[in-house]
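Engineer: Once you've looked at the hints, dock chains B and C against the given chain A.
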Amino acid sequence: MDLFSNLALGFGVALSPMTLFLAVVGCFLGTIIGALPGLGPSNGVAILIPITFSLGLDATAALVLLTSVYYGAMYGGRISSILLNIPGDEPAMMTTLDGYPMAKNGRAGDALVISGVASFVGALLATLALALVAPYLARIAYKFGPAEYFALYALAFATLGGMASNNQAKAALASFIGLAIALIGLDNNSGFTRFTGGNLHLSDGVDFLVAIVGLFAVSEVFVFIETHGKSSAVGVTLGKVTVPWKDLWETRWTMLRSSAVGFVAGILPGAGASLGSFMTYMMEKGIAGEKGGFGTGVAKGVAAPEAGNNAAAGGALVPMLTLGVPGSGTTAVLLAVLMTLNITPGPTLFTDRPDVVWGLIASLLIANFVLLAMNVPMVKVFVKILMVPPAILLPGVTMISFVGIYSLSGSYFDLVLMIAFGVMGYAFRKMDIPTVPVILGILLGYQMENNLRHAMTLSGGEWTYLFSSPIASVLWVAAILGFFAPIFLRRFLKKPQLTED
Amino acid sequence: MKFTFLKALGTSAAISLMAASSAWSTECIAPANPGGGWDFTCRQIGKILFDIGQVDAPVQVTNMAGAGGGLAFSTVVAERNTDADLIVAASSATTTRLAQKAFGDATADQVRFVGAIGGDPGVIVVAKDSPFQTLGDMVEAIKADPASVAFAGGSAAGGFDHMKPLMVLKAAGFDDITAVKYIGVDGGADAITQTVGGFTQAMTGDMSEIVGFIKSGEVRALAVLTEERVPGFEDIPTAKEQGFDVVAVNWRGLYVPGGISDADFQKWADRLQAVADSAEWKEAMAANGLAPFTKVGGDFQSWIDEVIAQTEDLSREIGVIQ
Amino acid sequence: MKTDRIFGVVVILVALAFIVSAYNLPAGNIFDKLGPKAFPIIVGIGMILSAAMLVIKPDPEPDWPALPTLLALGLATVVLVGYAYALKPLGFLLPTAIAAAILSYQITPKRVPAMLTGLGLSVALFVIFKYALGLSLLALPRGMMG
Numbered sequence: 000m001d002l003f004s005n006l007a008l009g010f011g012v013a014l015s016p017m018t019l020f021l022a023v024v025g026c027f028l029g030t031i032i033g034a035l036p037g038l039g040p041s042n043g044v045a046i047l048i049p050i051t052f053s054l055g056l057d058a059t060a061a062l063v064l065l066t067s068v069y070y071g072a073m074y075g076g077r078i079s080s081i082l083l084n085i086p087g088d089e090p091a092m093m094t095t096l097d098g099y100p101m102a103k104n105g106r107a108g109d110a111l112v113i114s115g116v117a118s119f120v121g122a123l124l125a126t127l128a129l130a131l132v133a134p135y136l137a138r139i140a141y142k143f144g145p146a147e148y149f150a151l152y153a154l155a156f157a158t159l160g161g162m163a164s165n166n167q168a169k170a171a172l173a174s175f176i177g178l179a180i181a182l183i184g185l186d187n188n189s190g191f192t193r194f195t196g197g198n199l200h201l202s203d204g205v206d207f208l209v210a211i212v213g214l215f216a217v218s219e220v221f222v223f224i225e226t227h228g229k230s231s232a233v234g235v236t237l238g239k240v241t242v243p244w245k246d247l248w249e250t251r252w253t254m255l256r257s258s259a260v261g262f263v264a265g266i267l268p269g270a271g272a273s274l275g276s277f278m279t280y281m282m283e284k285g286i287a288g289e290k291g292g293f294g295t296g297v298a299k300g301v302a303a304p305e306a307g308n309n310a311a312a313g314g315a316l317v318p319m320l321t322l323g324v325p326g327s328g329t330t331a332v333l334l335a336v337l338m339t340l341n342i343t344p345g346p347t348l349f350t351d352r353p354d355v356v357w358g359l360i361a362s363l364l365i366a367n368f369v370l371l372a373m374n375v376p377m378v379k380v381f382v383k384i385l386m387v388p389p390a391i392l393l394p395g396v397t398m399i400s401f402v403g404i405y406s407l408s409g410s411y412f413d414l415v416l417m418i419a420f421g422v423m424g425y426a427f428r429k430m431d432i433p434t435v436p437v438i439l440g441i442l443l444g445y446q447m448e449n450n451l452r453h454a455m456t457l458s459g460g461e462w463t464y465l466f467s468s469p470i471a472s473v474l475w476v477a478a479i480l481g482f483f484a485p486i487f488l489r490r491f492l493k494k495p496q497l498t499e500d
Numbered sequence: 000m001k002f003t004f005l006k007a008l009g010t011s012a013a014i015s016l017m018a019a020s021s022a023w024s025t026e027c028i029a030p031a032n033p034g035g036g037w038d039f040t041c042r043q044i045g046k047i048l049f050d051i052g053q054v055d056a057p058v059q060v061t062n063m064a065g066a067g068g069g070l071a072f073s074t075v076v077a078e079r080n081t082d083a084d085l086i087v088a089a090s091s092a093t094t095t096r097l098a099q100k101a102f103g104d105a106t107a108d109q110v111r112f113v114g115a116i117g118g119d120p121g122v123i124v125v126a127k128d129s130p131f132q133t134l135g136d137m138v139e140a141i142k143a144d145p146a147s148v149a150f151a152g153g154s155a156a157g158g159f160d161h162m163k164p165l166m167v168l169k170a171a172g173f174d175d176i177t178a179v180k181y182i183g184v185d186g187g188a189d190a191i192t193q194t195v196g197g198f199t200q201a202m203t204g205d206m207s208e209i210v211g212f213i214k215s216g217e218v219r220a221l222a223v224l225t226e227e228r229v230p231g232f233e234d235i236p237t238a239k240e241q242g243f244d245v246v247a248v249n250w251r252g253l254y255v256p257g258g259i260s261d262a263d264f265q266k267w268a269d270r271l272q273a274v275a276d277s278a279e280w281k282e283a284m285a286a287n288g289l290a291p292f293t294k295v296g297g298d299f300q301s302w303i304d305e306v307i308a309q310t311e312d313l314s315r316e317i318g319v320i321q
Numbered sequence: 000m001k002t003d004r005i006f007g008v009v010v011i012l013v014a015l016a017f018i019v020s021a022y023n024l025p026a027g028n029i030f031d032k033l034g035p036k037a038f039p040i041i042v043g044i045g046m047i048l049s050a051a052m053l054v055i056k057p058d059p060e061p062d063w064p065a066l067p068t069l070l071a072l073g074l075a076t077v078v079l080v081g082y083a084y085a086l087k088p089l090g091f092l093l094p095t096a097i098a099a100a101i102l103s104y105q106i107t108p109k110r111v112p113a114m115l116t117g118l119g120l121s122v123a124l125f126v127i128f129k130y131a132l133g134l135s136l137l138a139l140p141r142g143m144m145g
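Protein chains in written order, with numbering that gives the first Met the number 0: chain A, 0 to 500; chain B, 0 to 321; chain C, 0 to 145.
Looking at chain A on its own, in the form it has when it is part of the complex (with noise of 0.2 Å):
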């Protein structure tokens, strides 16, 4: 069978003890950032480029360096969402709607454990897959045109309406602010430069990192002045971390139905793990309904998004070696490196650089068992964090956040932009107005207009184009579904439980 020969020759390269070494220092390094707020994978990725090059290492190990970390800080981003209700980086941000309830009833350690495993089980299976199928499974994005792009991302507004508020009018709000601060900027089809007041620094459009870490970690500054740390996050305690084996067995088939979706997720680009994490919480609260009591805490409600962002972590990586299709910010980040190295991406990569290849699905196979290691023995070592108090803890995640957004621009403007996020935060907090939406508007309105702009342009401007396909009509279909069943069974069962954002 070709698949054992290909693993052969891959784990004939990626057992070497520098490949080794460097897949360890990579998932410790990617862990880390991945559990700093404001730091993400893509940035993690990118931070090491310049010191992989410094380091004179060739194409695999440079590779295996980088993905270690990518797929590390998939793993670490889960580490800040449930200690700190903070999301380590855009996929972790489903993480927080149970993980961070979890941490409050005292089960930090469990939540932390079942999510460690959960990430192994999404990030193994979709290795696996990545494996098996990429140069089949690749060809899923010739489907999706800009009608059947434009028509998911709909859906995944609609599916929001359900989510996060008790109220459908604030998550379309947010939605559609989010949609709004998405569209400043120039707009790079016409050229014209919209909504900016003349703002120069606002030409290039709203950072979507500014306003993630704006939204969340600085907003929870002004809720733990408000509330001198009482009755929040640092309330945490610590209870004996014990393995949850009735969890993990209980979640088992929410783990695999995860890492399926958030795989398919993953392999769309431009959707990448966020997506995939959204789509697989949402999948399983609706199958496990009104009883299953998601957004309270559950271990499902943690299982889901971890096992389905880790996938599509893994999924990402499929249109990226096939076809050169990022399917992710962080996939970009490594095509840059595969191009760098000299190695085309595409159909061909799989058959003429079969070591580059094979060696990295070998590597991350490695490294996803180096990552359960870290992630679930030393789990405590992270849980201590929450030990230490709010009064160092969340100036230190302000500094943290600080540091980031100005590495990444430089700007005055965008941390003061980030401050600004952060008052808007505070308040829709307050007035029980979802931020998941806000963040999910800023993420996919450029490419959801565009993708607009283009089945009008396509059509000649006829509508009907967008539900002219199979593909969009199901997905227009499932938009519609998700975005009106939830008020009709409000209105027939017993209102569902209040969600904290």
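Only true hints are included.
Here are the simulated DSS-like pairs of lysine-lysine, each with C-alpha atoms no more than 25 Å apart in a straight line:
{"hint": "1", "chain 1": "A", "residue 1": "K142", "chain 2": "B", "residue 2": "K214"}
{"hint": "2", "chain 1": "A", "residue 1": "K245", "chain 2": "A", "residue 2": "K290"}
{"hint": "3", "chain 1": "B", "residue 1": "K239", "chain 2": "B", "residue 2": "K127"}
{"hint": "4", "chain 1": "A", "residue 1": "K429", "chain 2": "C", "residue 2": "K56"}
{"hint": "5", "chain 1": "B", "residue 1": "K127", "chain 2": "B", "residue 2": "K142"}
{"hint": "6", "chain 1": "B", "residue 1": "K281", "chain 2": "B", "residue 2": "K294"}
{"hint": "7", "chain 1": "B", "residue 1": "K169", "chain 2": "B", "residue 2": "K239"}
{"hint": "8", "chain 1": "B", "residue 1": "K142", "chain 2": "B", "residue 2": "K169"}
{"hint": "9", "chain 1": "A", "residue 1": "K142", "chain 2": "B", "residue 2": "K127"}
{"hint": "10", "chain 1": "B", "residue 1": "K266", "chain 2": "B", "residue 2": "K281"}
{"hint": "11", "chain 1": "A", "residue 1": "K429", "chain 2": "C", "residue 2": "K1"}
{"hint": "12", "chain 1": "B", "residue 1": "K169", "chain 2": "B", "residue 2": "K100"}
If you anchor each label on the Cβ, the simulated ranges turn out as follows:
{"hint": "13", "chain 1": "C", "residue 1": "P140", "chain 2": "A", "residue 2": "N198", "range": "26 to 34 Å"}
{"hint": "14", "chain 1": "B", "residue 1": "E279", "chain 2": "A", "residue 2": "G459", "range": "46 to 54 Å"}
{"hint": "15", "chain 1": "A", "residue 1": "P469", "chain 2": "C", "residue 2": "V54", "range": "33 to 41 Å"}
{"hint": "16", "chain 1": "A", "residue 1": "Y411", "chain 2": "B", "residue 2": "S260", "range": "29 to 37 Å"}
{"hint": "17", "chain 1": "C", "residue 1": "I127", "chain 2": "B", "residue 2": "E227", "range": "55 to 63 Å"}
{"hint": "18", "chain 1": "B", "residue 1": "G216", "chain 2": "A", "residue 2": "R251", "range": "39 to 47 Å"}
{"hint": "19", "chain 1": "B", "residue 1": "D244", "chain 2": "A", "residue 2": "G459", "range": "29 to 37 Å"}
{"hint": "20", "chain 1": "A", "residue 1": "G460", "chain 2": "B", "residue 2": "E78", "range": "43 to 51 Å"}
{"hint": "21", "chain 1": "A", "residue 1": "P469", "chain 2": "B", "residue 2": "E233", "range": "35 to 43 Å"}
{"hint": "22", "chain 1": "A", "residue 1": "F10", "chain 2": "B", "residue 2": "S260", "range": "50 to 58 Å"}
{"hint": "23", "chain 1": "B", "residue 1": "T74", "chain 2": "A", "residue 2": "G459", "range": "36 to 44 Å"}
{"hint": "24", "chain 1": "C", "residue 1": "P140", "chain 2": "A", "residue 2": "A477", "range": "51 to 59 Å"}
{"hint": "25", "chain 1": "B", "residue 1": "E279", "chain 2": "C", "residue 2": "L118", "range": "47 to 55 Å"}
{"hint": "26", "chain 1": "A", "residue 1": "P469", "chain 2": "B", "residue 2": "D136", "range": "24 to 32 Å"}
Some but not every residue of chain C turned toward chain A, in silico, with C-beta under 8 Å:
{"hint": "27", "residue": "M46"}
{"hint": "28", "residue": "P64"}
{"hint": "29", "residue": "L120"}
{"hint": "30", "residue": "L124"}
No lab work stands behind these hints, which were simulated from the structure alone.
By construction, the Cβ of each residue, glycine as well, lies at the ideal position given by its N, Cα and C atoms.
Structural biologist: What follows is chains B and C alone, placed relative to chain A:
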């Protein structure tokens, strides 16, 4: 996903910016996200400059995405105008945008164009099952019904990729070029994906963007827009031999700040020539579908002025500028 | 009640300004059928509709903090903005120590621990960022670095 991209780059940009202030190395600004042509130019030229001993330390690559290269351009003009250790990746897109006044008031004479040392030949590509066998077939179909063929390309409307099919159509005597559909997606690979998926009928882009897809047989190149067939891709006919006299090459090269001395300019011209002559660069070109296209120094500057004038005319005709 | 209504009205006004601003953008052409104005107008209408729902059916009044707390939050905001502007000219160490100390004091009002927090954080983070992650931070004002 511009935001995720931005944060990725931003980090490396900020780091390199700060590193540059310690003045230990030459800096190459790639005015775009990692993964694109400018990034490739900086990284390859930077690597080779160091490998062949033209500079003493590895060249620091800074990604400064923004305004289609305008951010880098205005930063160089405003803040680094006399920095002799700074090079900036440039290509046809740079001159196209300068010609279309896309960088605000910036003009080409505010910087000095050092040279081009490779060219990415323009190509027009269709899916493997497309009814079009030759460029002529496609031109005929467009003449019959301009809306029947939609192009996808990696540049925005009015950009270089958009210009390529329009130049061909004009050469074919078809003047209603504003009736031809074009969508500008996020890069050549995206454009191919849309074309293979049947959402657009043809892709217009650069040779380097299609190499993998041509080899895998998913797309066919109808024409390459060069004087001669490209070495390594001899089975792709030129537009010229099919009767459409169009040459459109996305050259890869550098500009330097406008305020540096003639001696420093000459130093960069010599270094760039050394890269062009190196075996490493030839290898890198071959691996990435670049064709030899070397114009360095004073000649290059005058050629640039000419190209900008031509682009201005065509842009005015399709209404991209007034 | 009141908060949702006021916010709804504010959003509607902002959305109207947004739509007017979009309306003044050029229309599309053959290369871009919708042009730069259509999608913003759709988003603006969406904002108005959902904000109108807030005005019509507001949720119960949120639990806003009392005036002294609001003032403390205002102070924190001012400190953060000041920090943002101080980072570049004054280097990392000094502004970080001061801002962290103030925030720490605001969360738990104890002077000595707050000052120690400021000092400790600024040094520890500097070491991590500079040496572990390789960010080129300036420790002190450029002039003092020689």
